[in-house]
Structures are given as C-alpha cells and as structure tokens.
Amino acid sequence: GENVEQHPSTLSVQEGDSAVIKCTYSDSASNYFPWYKQELGKRPQLIIDIRSNVGEKKDQRIAVTLNKTAKHFSLHITETQPEDSAVYFCAASKGNAGNMLTFGGGTRLMVKP
Amino acid sequence: GAVVSQHPSWVICKSGTSVKIECRSLDFQATTMFWYRQFPKQSLMLMATSNEGSKATYEQGVEKDKFLINHASLTLSTLTVTSAHPEDSSFYICSARSSRSSGRANQFFGPGTRLTVL
Numbered sequence: 001g002e003n004v005e006q007h008p009s010t011l012s013v014q015e016g017d018s019a020v021i022k023c024t025y026s027d028s029a030s031n032y033f034p035w036y037k038q039e040l041g042k043r044p045q046l047i048i049d050i051r052s053n054v055g056e057k058k059d060q061r062i063a064v065t066l067n068k069t070a071k072h073f074s075l076h077i078t079e080t081q082p083e084d085s086a087v088y089f090c091a092a093s094k095g096n097a098g099n100m101l102t103f104g105g106g107t108r109l110m111v112k113p
Numbered sequence: 001g002a003v004v005s006q007h008p009s010w011v012i013c014k015s016g017t018s019v020k021i022e023c024r025s026l027d028f029q030a031t032t033m034f035w036y037r038q039f040p041k042q043s044l045m046l047m048a049t050s051n052e053g054s055k056a057t058y059e060q061g062v063e064k065d066k067f068l069i070n071h072a073s074l075t076l077s078t079l080t081v082t083s084a085h086p087e088d089s090s091f092y093i094c095s096a097r098s099s100r101s102s103g104r105a106n107q108f109f110g111p112g113t114r115l116t117v118l
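Residue numbers (my numbering), protein chains in the order written: chain S, 1 to 113; chain V, 1 to 118.
Treat the hints with care, as some may be off.
[Said to hold, decoys possible] Some, not all, of what chain V presents toward chain S, calculated at C-beta under 10 Å:
1. F34
2. Y36
3. K41
4. S43
5. L44
6. M45
7. S95
8. P111
9. G112
[As the list claims (entries may be wrong)] Here are the in silico distance ranges between beta carbons for each label pair:
10. V:T80 <-> S:K58: 41 to 49 Å
11. S:N53 <-> V:G53: 32 to 40 Å
12. V:G16 <-> S:D59: 43 to 51 Å
Honestly, the hints are just simulated from the structure, not real lab data.
In this text the structure is predicted, and so the values were computed from the model without any measurement.
Glycine included, each C-beta is placed from N, C-alpha and C at the ideal position.
So that you can see chain V by itself, here it is in the shape it has in the complex:
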C-alpha cells in the first residue's frame, strides 16, 4: 500500500526558533500534499495545499510567512514553522495525494509530527 512518512515524529524547541517538518511519499508520486494541524482533542484543520513545483495555497487565517511550505519534488514536501511560539505547539499531519487515479481514496496520511514549543 501507499506509505507516507514524516520526520521528525516529535520535536521540542525553544520559542523563536524555526522547525522544519518533512513529509515523504515512499512508494508513489504525490502531485499534491496537504498539511493539517490538530490541537489536542480537536479535529484536523487544513492549513495549506502544496502542489509540486508551484506555490502552496493557504487556508484563510494561516500565515504563509510563518508556515513556509516547499514541495520541491514529487515525493517530498516540507513545512517550516518560523519563529515558533508556544501557541504553535500542535500535532502536524501531512497527507499525500497519489498522481495515479484510483477507484478508492488516493490520499494517504503521514504519522504526524508533535511539535512542542517551550
């Protein structure tokens, strides 16, 4: 089956530092990747849609200068949380959309990255 990995799985950083999270599709090409944020006991909220070779599309209320997204290849998208603050602490999950058509769901989730900003 399609596998999506994320790295790191967890990170603790000091306030003001930047953190990069990688999302990789391991056995398929992903033309589109989605980045979600999930606060404790809450739902997944879409932050942005990342398309390979083009600028990401951000959802309303998500600061593009704070959450930098790069989708440089068909298997890798990165999310950089710049100048992180405690309120950015959350579970960040990516999903990757297969470029192959499928009769079933072709969007696969990564395992998530737990970010804690001190």
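Next comes chain S alone, as it looks inside the complex:
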C-alpha cells in the first residue's frame, strides 16, 4: 500500500519567516495530495491540495509543489504568523479526492512572535 513520509517532525520559525514541510510518497498511482492543519484536539482542516496534473498551486501565503517523478511534494508557508502554529499533515490518495487518504506523520510548526 501507500506510504507517506513527512519531514521535519517539528519546525520552529520566527514570525515573518518562511516554513517548508516536505513529504514523499511511494505509490506512483497516487494522484491527489492534500495538506491539513490540525489544532490541538480539533479536526483536520484542509488548507490546500494539488492534483498530479499540476506542478504548483498557490493560495495567498500558502503554496504546494509536486514533483511526480521524484514522488515528493512540499508545503510552503510565507510570512508566517503565530496563528499558523499547529500540526500539519500531508496526505496522498489514488483515484478522486474522496478516496482513502494515507497521512504523513505530521509536522508540529511553532511560529515564535
């Protein structure tokens, strides 16, 4: 089955700096890659996603890049703010966006004011 690795497990940045989280996946058939933000004790919230027919997608301060050949994708957060502090999960899925998700291990992002 699919295996998703995520790095780093923790990331501390100064407010205003950029943060980058990287994920790799094993199944070349995966074609949908969402990123979720989860605050303590709450549900994961979808923040951005990308499909395999696109190499990059941006939404304000958040961007995701995908390298299908290398089977890795990354989340980029620019101009970080304290409210960006949370755990971020990448995931991979085959088929359409509603198929089962395999999650990465998560990255705890801490943005210091």
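Got chain S; can you put chain V on it based on the hints?
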C-alpha cells in the same frame, strides 16, 4: 459548506464496556465514511472504510469484531468499540465522502471523539 458531526465529543468509560460513536453528515449524503484513530502526537491512521449498505473494509491490524462499524444510512455511520480497554483510549475521527462529484476535495472531517478508558 459540508458539515460532519460526531457524537459524543468525548467519553470516559470503564474497562470492559462498549462505546458507540456516531458520525453524521448534516447537509449532504455520504456514500462512504472513513474512520481514523489518532494517538497523542501521532498521525491519523485509517481504521476502516464504511460504505452505505455494505460491510466495512478494515485496514490490516484492525480487529473487525472489536471495532464494529455500521453505515445504515447515507448520513450516519457508527463505530462501536466493544469491550474497551485502556489501550483503546484515543481520538477517533470520521470523515465523510460526498456522493456529489466535486472539483475539489469532497471528503470532510468530523470534529473527533476523545475516548478515555479507565
């Protein structure tokens, strides 16, 4: 937007009892619901895929007789943890897949249920 609810939000029970967790899609029909378990400071691990009107598909290592899943309608799936033990204490999260096609993600997460088994 699509809303998924879970009930209860938290539960504390004694070892050996059974606990039922409900997952409801409030404003859409969900042909498929997924049940995840999340231990503290860990990732979400898929336990099973629940399809309306059919048996759930369990992931490897998940005991189907211990984690009973019922998806009796297009808006409700239940997870029953039978004979719960302290090691079952975890955060259980469901997600529901909309039966409508969507250009974006059509899988929506519930708020989770924190189970503590004493």
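We went through each hint and held it up to the structure:
1. F34: Because about 6 Å separates F34 of chain V from the closest Cβ in chain S, which is inside the 10 Å limit, the hint holds.
2. Y36: holds (8 Å)
3. K41: holds (8 Å)
4. S43: Constraint on S43 of chain V satisfied, holds at 5 Å.
5. L44: holds (5 Å)
6. M45: With a closest approach of 8 Å, the M45 of chain V hint holds.
7. S95: With a minimum Cβ separation of about 8 Å from chain S (threshold 10 Å), the hint on S95 of chain V holds.
8. P111: Hint holds; P111 of chain V Cβ to chain S Cβ min 5 Å, cut 10 Å.
9. G112: Check passed: Cβ of G112 of chain V comes within 6 Å of chain S, closer than 10 Å.
10. V:T80 <-> S:K58: 41 to 49 Å: holds (43 Å)
11. S:N53 <-> V:G53: 32 to 40 Å: 33 Å Cβ-Cβ, so the 32 to 40 Å window holds.
12. V:G16 <-> S:D59: 43 to 51 Å: Given about 48 Å between the Cβ atoms, the range holds.
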